[in-house]
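Protein chains in written order, with our numbering: chain A, 1 to 72; chain L, 73 to 421.
In short, the hints are calculated from the structure, not lab data. Just so you know, even glycine gets a beta-carbon here, dropped at the ideal spot from N, CA and C. Hints are not guaranteed to be accurate.
If the Cβ cut is set under 7 angstroms, some of the chain L residues that face chain A in the computed set are [stated by the list, open to error]:
#, residue
1, 77
2, 102
3, 103
Here are a few chain A residues that sit away from chain L, every Cβ distance over 12 angstroms (derived from the structure) [unchecked claim]:
#, residue
4, 2
5, 3
6, 4
7, 15
8, 20
9, 36
10, 52
11, 57
12, 61
13, 64
14, 66
15, 67
16, 71
Spelled out from the first residue to the last, the chains are:
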Amino acid sequence: MVGWEVPIGAAIAFAGGAIGTGWAQSRIGAAGAGAIAERPETAGTIIILEAIPETLVILGFVVAAMILLMVE
Amino acid sequence: MDYGYINARMRGMKSRLLSHSTLNDLVTRPDLDSLITDLENTPYRDEIIKAKGQMTGILCIEYALRENFTHTFRKIQNFAKQEEAEQYIVIFLHRWDVQNIKTILRGKNIHVTNEEILSCLVPAGEMDQATLQELLKQPDVRAVIDMLATWRIRYAKCLTEAFPEFFRIKDLAVLECALDRYYYTDAIDSVRVPGYNNQIIRDFIQLEIDVTNIKTVLRMIRDHVGPDDARRYLVGGGKEFDERKLNHMLTLPAIEDVVKYLAATPYRFLADIPESAIRTQRISVIEKQLERFLIKKGVGAFLLEPLSVASVIGYFWAKYNEITNIRIISRCKTADVSPDLLKEELIYV
Numbered sequence: 001m002v003g004w005e006v007p008i009g010a011a012i013a014f015a016g017g018a019i020g021t022g023w024a025q026s027r028i029g030a031a032g033a034g035a036i037a038e039r040p041e042t043a044g045t046i047i048i049l050e051a052i053p054e055t056l057v058i059l060g061f062v063v064a065a066m067i068l069l070m071v072e
Numbered sequence: 073m074d075y076g077y078i079n080a081r082m083r084g085m086k087s088r089l090l091s092h093s094t095l096n097d098l099v100t101r102p103d104l105d106s107l108i109t110d111l112e113n114t115p116y117r118d119e120i121i122k123a124k125g126q127m128t129g130i131l132c133i134e135y136a137l138r139e140n141f142t143h144t145f146r147k148i149q150n151f152a153k154q155e156e157a158e159q160y161i162v163i164f165l166h167r168w169d170v171q172n173i174k175t176i177l178r179g180k181n182i183h184v185t186n187e188e189i190l191s192c193l194v195p196a197g198e199m200d201q202a203t204l205q206e207l208l209k210q211p212d213v214r215a216v217i218d219m220l221a222t223w224r225i226r227y228a229k230c231l232t233e234a235f236p237e238f239f240r241i242k243d244l245a246v247l248e249c250a251l252d253r254y255y256y257t258d259a260i261d262s263v264r265v266p267g268y269n270n271q272i273i274r275d276f277i278q279l280e281i282d283v284t285n286i287k288t289v290l291r292m293i294r295d296h297v298g299p300d301d302a303r304r305y306l307v308g309g310g311k312e313f314d315e316r317k318l319n320h321m322l323t324l325p326a327i328e329d330v331v332k333y334l335a336a337t338p339y340r341f342l343a344d345i346p347e348s349a350i351r352t353q354r355i356s357v358i359e360k361q362l363e364r365f366l367i368k369k370g371v372g373a374f375l376l377e378p379l380s381v382a383s384v385i386g387y388f389w390a391k392y393n394e395i396t397n398i399r400i401i402s403r404c405k406t407a408d409v410s411p412d413l414l415k416e417e418l419i420y421v
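Can you build the whole structure from these sequences, using the hints too?
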């Protein structure tokens, strides 16, 4: 029987990743916007850098999914 | 928007500053026309093209440099608008207001034409071109100060207070010193609250005060002005030199004694200046070294905390240095100075 703590744990894992990603992307986005404003040719690199923190939310999602699927 | 954005823009703009090799290429140009042609392949292109339509030779370069400088700092001010950084940028830009007022006062004092004065103004501060042109229409020093007071421009108060003394001794240094003193005091007061950004700005302003005071002391000793008279031209609030130390320096008999005294301070690099320059009282050599020191310290701000106002200060000094270098090159080309001698005059950072 799965208790209430399992979905809460999964939610925390996902939320932590999402908040971290949001914070990191906001900072990278601001700096990236500045860099693109001055040197438009850096746009490709900036988009890749902006996407890197996405891994954090994916990791959070995987951990949340593992908690939900594997904890019985 | 935060310091990340401002820092990225500053570094992007810094990457477009002229490199050492480009400066060296400019140095080897045979004349002013080829220098202007070369500048057309740099970020000064738009301003040079605009200036070429109106004037030629060194005037064209000077005009383009002024336009570029003004445009650059207006741009920085615009993208930092309503940000914490704006208040710090404004402190640095106020110096151009002070510089412009000094230029107008000097021009009016020696009755130079308005066109000539206008060509020396850099409207990079809070006072725009229209304000400065209106000031220029005034017939004399008194009228300029009255106009500033009518507009309630901050510098009017110190000028009004110093005017009676200026009227009595007819020395413009009185008004210029009052302006400097007001600018530095106001700048230090606005960053008095503890904080990383405030500390950076405070350190730089105090460093400038020290350099300004050293220059004043050297001039006073060279011109044999007594300590009591000379004291009036010093600015308080420096980092290294308080009133007592400055007063002591003013009592020293010769410039070489001042240089010896400075050996125990961060200004010990002045001891490397050739003895002949000091003995013949060529203060310009010492002033050049002090300027170099200030610029190097300023550009060094790029190495401080990136998410702070430091990158703006670093850029300010780097851009100022670039413009100074191009002006040196253009003037040396007019005077037909050899490339080797010219390179010695430049400040590489």
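Verification of the hints:
no., hint, result
1, 77, "holds, 4 angstroms"
2, 102, "violated, 33 angstroms"
3, 103, "violated, 33 angstroms"
4, 2, "holds, 43 angstroms"
5, 3, "holds, 42 angstroms"
6, 4, "holds, 39 angstroms"
7, 15, "holds, 24 angstroms"
8, 20, "holds, 17 angstroms"
9, 36, "violated, 9 angstroms"
10, 52, "holds, 15 angstroms"
11, 57, "holds, 20 angstroms"
12, 61, "holds, 27 angstroms"
13, 64, "holds, 30 angstroms"
14, 66, "holds, 34 angstroms"
15, 67, "holds, 34 angstroms"
16, 71, "holds, 39 angstroms"
Hints 2, 3, 9, counting from the list given before, are not met by this structure.
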